[in-house]
Amino acid sequence: MKRLLAIGIFIITVVLVGISWFTSGGLARQRMYSAQTPEEAVRLMVSQVQAHNWDAAYSRLANRGEVDKAAFVRDLAGSNGSLLTYANLESFDVWGLHQTNQDAIFRAKLHYSTAVGPLETFRDLKVEHDGNTWKVFWPTTRLPKLAPQVIPVNYLRWDVINRGAQDDWGVQNVDNPQVRIISMNALQRPDSVVLVGEIVNEDTIPAYVNVSATLLGPDGNEVAQEGSFDKISHTLLPKQVSPYRIDFPGMRMDKIKSVRMDAKAMLIAASADPVIEVGQQHIETDALNKKVLRGQLVNQSGQIVNIPHVIASYYDGNGKVIWVSDGYVDQELLPQIPVSFGLDVPDDVAKNVQNYHVVVNYYENNNS
Amino acid sequence: MRALISVSLLLSFVLTTALWSAELKVPPQVTAGNAFSISGAGSGQGTFYLIGPAESIKRQVDLANDIQIQSEEVEHVGRYTAITCGGDQCSSGHFYVHAAAPDRLGLIVHPSRVPVSNPNAISAVVFVFDDFHNLVLVPQSVKLTVTPTAGSSISESRNTQNGVTWVRLNSAPKGGPAKIEAAIGKASEIRVVQQVASDACNLQMKSSWMSGKLVIETNPVRDCTGNFVPDGTIVSFTKTDADGKTTVDVPLKKGIAKVEMPVSGQAHITVASGVVTGNELNVSGGR
Numbered sequence: 001m002k003r004l005l006a007i008g009i010f011i012i013t014v015v016l017v018g019i020s021w022f023t024s025g026g027l028a029r030q031r032m033y034s035a036q037t038p039e040e041a042v043r044l045m046v047s048q049v050q051a052h053n054w055d056a057a058y059s060r061l062a063n064r065g066e067v068d069k070a071a072f073v074r075d076l077a078g079s080n081g082s083l084l085t086y087a088n089l090e091s092f093d094v095w096g097l098h099q100t101n102q103d104a105i106f107r108a109k110l111h112y113s114t115a116v117g118p119l120e121t122f123r124d125l126k127v128e129h130d131g132n133t134w135k136v137f138w139p140t141t142r143l144p145k146l147a148p149q150v151i152p153v154n155y156l157r158w159d160v161i162n163r164g165a166q167d168d169w170g171v172q173n174v175d176n177p178q179v180r181i182i183s184m185n186a187l188q189r190p191d192s193v194v195l196v197g198e199i200v201n202e203d204t205i206p207a208y209v210n211v212s213a214t215l216l217g218p219d220g221n222e223v224a225q226e227g228s229f230d231k232i233s234h235t236l237l238p239k240q241v242s243p244y245r246i247d248f249p250g251m252r253m254d255k256i257k258s259v260r261m262d263a264k265a266m267l268i269a270a271s272a273d274p275v276i277e278v279g280q281q282h283i284e285t286d287a288l289n290k291k292v293l294r295g296q297l298v299n300q301s302g303q304i305v306n307i308p309h310v311i312a313s314y315y316d317g318n319g320k321v322i323w324v325s326d327g328y329v330d331q332e333l334l335p336q337i338p339v340s341f342g343l344d345v346p347d348d349v350a351k352n353v354q355n356y357h358v359v360v361n362y363y364e365n366n367n368s
Numbered sequence: 001m002r003a004l005i006s007v008s009l010l011l012s013f014v015l016t017t018a019l020w021s022a023e024l025k026v027p028p029q030v031t032a033g034n035a036f037s038i039s040g041a042g043s044g045q046g047t048f049y050l051i052g053p054a055e056s057i058k059r060q061v062d063l064a065n066d067i068q069i070q071s072e073e074v075e076h077v078g079r080y081t082a083i084t085c086g087g088d089q090c091s092s093g094h095f096y097v098h099a100a101a102p103d104r105l106g107l108i109v110h111p112s113r114v115p116v117s118n119p120n121a122i123s124a125v126v127f128v129f130d131d132f133h134n135l136v137l138v139p140q141s142v143k144l145t146v147t148p149t150a151g152s153s154i155s156e157s158r159n160t161q162n163g164v165t166w167v168r169l170n171s172a173p174k175g176g177p178a179k180i181e182a183a184i185g186k187a188s189e190i191r192v193v194q195q196v197a198s199d200a201c202n203l204q205m206k207s208s209w210m211s212g213k214l215v216i217e218t219n220p221v222r223d224c225t226g227n228f229v230p231d232g233t234i235v236s237f238t239k240t241d242a243d244g245k246t247t248v249d250v251p252l253k254k255g256i257a258k259v260e261m262p263v264s265g266q267a268h269i270t271v272a273s274g275v276v277t278g279n280e281l282n283v284s285g286g287r
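Line order of the protein sequences matches chains A and B. The working numbering puts the first sequence at residues 1 to 368. The working numbering puts the second sequence at residues 1 to 287.
It is worth saying that the hints were derived from the structure and are not from the lab. Any given hint could turn out to be false.
Claimed, not checked - Covered stretches of chain B, as calculated for chain A (at least 3 residues, CB under 8 Å): (1) 64 to 76; (2) 144 to 152; (3) 250 to 258; (4) 264 to 275.
Where a beta carbon is used, it is the ideal one built from N, C-alpha and C, also for glycine.
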């Protein structure tokens with residue numbers, strides 16, 4: 001009797017474990033691990049990336065012979081203090097673009113959470129049937145390598161010595177730089193009021209600028225106040241122009257009588273280096289049928305730019321700023337190596353765009 | 001709080017007593033930082049109070065002798081009240097401390113940078129103080145000297161009113177530091193105003209080919225009065241060709257902005273610095 005009871009308990013335990021494994025998605029997981037469909041292959045590989053299980057992710061590649069593991073990791077986790085090194089792959093979406101019995105193309109949308117906010121990147125991945133499983137072809141991106149050389153940099157650098165705390169009253173200080181807002185345009189967007197425009201440093205020294213705006217209601221009272229935050233290039237060298245954008249979420253234009261703009265400038269130590277070329281700028285329609293301003297950044301200096309930040313202002317036929325968009329580039333800028341960027345342009349804005357101006361802001365590990 | 005109440009009560013008592021007391025013989029006017037004495041106001045031991053604009057003093061004195069006021073006890077300009085109390089009687093007197101001879105200057109010059117050829121762009125305000133930081137209200141003659149980068153100094157004397165005098169100056173047509181000096185007696189103060197070039201004027205660029213790349217450089221960038229625009233000033237080059245648009249913000253180096261750009265097909269190139277635009281170039285590329 002005792003033996004029967006023990007056997008019964010054992011059988012019940014095994015059944016319960018089996019049920020819990022099944023209900024927790026074990027069967028599906030097992031199926032995915034074996035990657036019997038191209039979508040499973042892509043999902044499995046990306047989920048291994050998400051778990052930072054680089055060996056397992058790399059083992060899912062069909063073209064391991066062509067792709068260096070270090071380059072694969074660098075491609076997904078960043079390097080040289082780039083934005084991806086401060087990012088975490090939060091989630092991903094995968095959907096098919098094309099599929100046959102032998103191969104398929106799937107698009108993976110990777111949702112990163114980064115130090116500067118959410119970042120989405122797309123990867124079109126070729127998947128190949130290999131025996132009884134599917135494997136992913138990782139696009140080989142061989143970065144051109146710059147020959148060892150010395151790049152002389154002799155651009156200006158400005159340092160600031162301010163008035164000391166022990167100086168007597170009336171001792172002269174260094175004045176803050178003169179900056180000027182050269183344009184401002186208030187726009188009604190579906191869910192917000194947006195102020196866009198440009199600001200110029202009119203002085204002969206660098207300025208750290210910030211633009212804020214206060215919306216005033218019909219009774220003259222303050223309705224809302226916002227700043228440009230990171231939708232501006234804060235460090236402006238002499239005569240440099242930066243776009244700015246200030247968003248007022250949930251506001252309606254008909255509730256506003258006027259806007260009070262405030263441009264603040266501070267003296268800041270800065271360097272004229274690095275110079276970043278913004279080339280091949282053009283507006284195109286991407287695979288998702290959205291308008292995108294694309295281009296290439298080329299770091300003309302000898303030092304690495306860790307996190308580039310691209311800000312663009314768009315003008316209509318009258319030269320009026322009608323939109324400002326920005327985006328962080330997830331790759332670092334190595335010297336002389338072009339890196340692509342893309343900025344979303346709303347469809348209703350894109351049809352009126354006649355010209356655009358792109359500036360590059362940047363953050364460096366040792367000098368932001 | 002308790003201390004404050006005690007001091008207030010003491011002062012009230014002292015002042016009330018003073019109102020009913022005899023007049024103390026004090027000099028009507030004293031110069032700041034000068035020691036002096038007050039004639040004795042009775043006999044025996046008593047208490048002496050000196051209440052000034054910045055401090056109050058209390059000490060035991062012999063009322064039969066002169067009361068010595070030390071120089072550091074009357075450094076601040078203003079009305080002072082001296083009170084002596086002995087037995088059940090108090091005497092008081094008032095005197096005024098005036099600023100001593102001018103010894104220091106406060107010179108405020110604004111701005112620290114100014115574009116050239118700007119009328120009334122520089123203001124210099126002079127405050128005359130004595131050795132104890134008291135504003136000297138008696139009119140004084142202050143010598144103001146402006147030394148431009150090139151050329152000789154210009155001097156002018158100005159009388160202060162209520163301790164202050166000021167002057168407005170035009171910025172010179174030539175850039176560079178201008179020295180502004182205010183002097184009175186042995187005291188002098190110097191400030192420097194940087195006169196900087198204005199916006200670029202007649203911004204011109206030219207192009208040449210080097211190793212298959214188009215090299216674009218500006219002529220030396222000057223303002224409308226011929227001053228070199230400072231190095232580090234951003235010049236924006238924009239090229240539009242078959243590949244799209246390319247912009248490069250280049251800082252001036254030795255007065256010139258220079259950039260290399262690949263060109264495919266016909267290219268249209270523009271140049272600007274701030275809100276100033278320059279000439280345009282049309283180039284056929286691919287050499």
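So, going through the hints one by one against the coordinates:
no., hint, verdict
1, 64 to 76, "violated (count 0)"
2, 144 to 152, "violated (count 0)"
3, 250 to 258, "holds (count 3)"
4, 264 to 275, "holds (count 3)"
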